[in-house]
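Novice: Sequence:
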Amino acid sequence: MCRSIKTLREPFTPQVTDADIEAAALQYVRKISGFRAPAAHNAAAFDAAVAAVTEATRTLLDQLVVRGAGSAAADRPATAASRG
Numbered sequence: 039m040c041r042s043i044k045t046l047r048e049p050f051t052p053q054v055t056d057a058d059i060e061a062a063a064l065q066y067v068r069k070i071s072g073f074r075a076p077a078a079h080n081a082a083a084f085d086a087a088v089a090a091v092t093e094a095t096r097t098l099l100d101q102l103v104v105r106g107a108g109s110a111a112a113d114r115p116a117t118a119a120s121r122g
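Residue numbers in the sequence shown follow the working numbering, run continuously in steps of one, and reach 122 at the last position.
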């Protein structure tokens with residue numbers, strides 16, 4: 039699918055920022071919708087989709103438990119230390 043969307047969890051990305059999550063969400067919505075930038079009559083739906091995907095991604099990353107990472111990151115939420 040979107041080959042340039044990177045993995046946003048440890049150990050692949052040690053510090054995930056809100057900007058990383060939002061960029062991935064935007065890229066996903068662009069891919070699914072087929073629009074790089076929506077027309078004015080689709081802007082609200084497009085923006086709402088980006089916000090929903092951003093929040094779903096943030097929730098997912100906050101709840102993932104990475105096991106066997108071989109570091110202090112093991113057995114803790116994937117992004118707990120990276121966002122305040």
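To be clear, the hints were calculated from the coordinates, so they are not data collected in a lab. These numbers were taken from a predicted model, which means no experiment stands behind them. Glycine is no exception: its CB is placed at the ideal position from the N, C-alpha and C atoms. Hints may contain errors.
To be verified - Between beta-carbon pairs, the in silico distance windows are:
no. : residue 1 : residue 2 : range
1   : R105      : T55       : 34 to 40 angstroms
2   : D85       : S42       : 30 to 36 angstroms
3   : D85       : P49       : 28 to 34 angstroms
4   : L102      : A77       : 18 to 24 angstroms
5   : P49       : A78       : 30 to 36 angstroms
6   : R74       : K44       : 39 to 45 angstroms
7   : G106      : A75       : 40 to 46 angstroms
8   : Q101      : A57       : 35 to 41 angstroms
9   : Q101      : P52       : 17 to 23 angstroms
Said to hold, decoys possible - Below, simulated DMTMM-like cross-link-like pairs (lysine to aspartate or glutamate); rule was C-alpha separation at most 25 angstroms, straight line:
no. : residue 1 : residue 2
10  : K44       : D56
11  : K44       : E60
12  : K69       : D58
13  : K44       : D58
Novice: Taking the hints in turn, state whether each one holds.
Specialist: Taking the hints in turn, this is what the structure says about them:
At roughly 23 angstroms, the beta-carbon separation of R105 and T55 lies outside the given 34 to 40 angstroms, and the hint is violated. Between D85 and S42 the beta carbons are some 22 angstroms apart, a value that contradicts the proposed interval 30 to 36 angstroms. Between D85 and P49 the beta carbon distance is about 32 angstroms. The supplied range of 28 to 34 angstroms therefore holds. Checking the proposed 18 to 24 angstroms range against L102 and A77 shows it is violated: the Cβ atoms sit about 36 angstroms from each other.
Between P49 and A78 the beta carbon distance is about 42 angstroms. The supplied range of 30 to 36 angstroms is therefore violated. A beta carbon spacing of about 19 angstroms between R74 and K44 contradicts the range 39 to 45 angstroms that was offered as a hint. Against the hinted window of 40 to 46 angstroms, the Cβ-Cβ separation of G106 and A75 comes to about 41 angstroms, which satisfies the hint. Distance hint check for Q101 and A57: the Cβ-Cβ separation is about 20 angstroms, which falls outside the suggested range of 35 to 41 angstroms.
Roughly 18 angstroms separates the CB atoms of Q101 and P52, a value that falls within the hinted 17 to 23 angstroms. Taking the CA atoms of K44 and D56, the gap is about 14 angstroms. The hint holds against a cut of 25 angstroms. For the hint pairing K44 with E60, the CA-to-CA distance comes to about 12 angstroms; that is within 25 angstroms, so the pair holds. Between K69 and D58 the alpha-carbon distance is near 17 angstroms, which keeps this suggested pair within the 25 angstroms criterion.
Annotation: proposed proximity of K44 to D58 holds, straight-line Cα distance about 9 angstroms (limit 25 angstroms).
Hints 1, 2, 4, 5, 6, 8, counting from the list given before, are not met by this structure.
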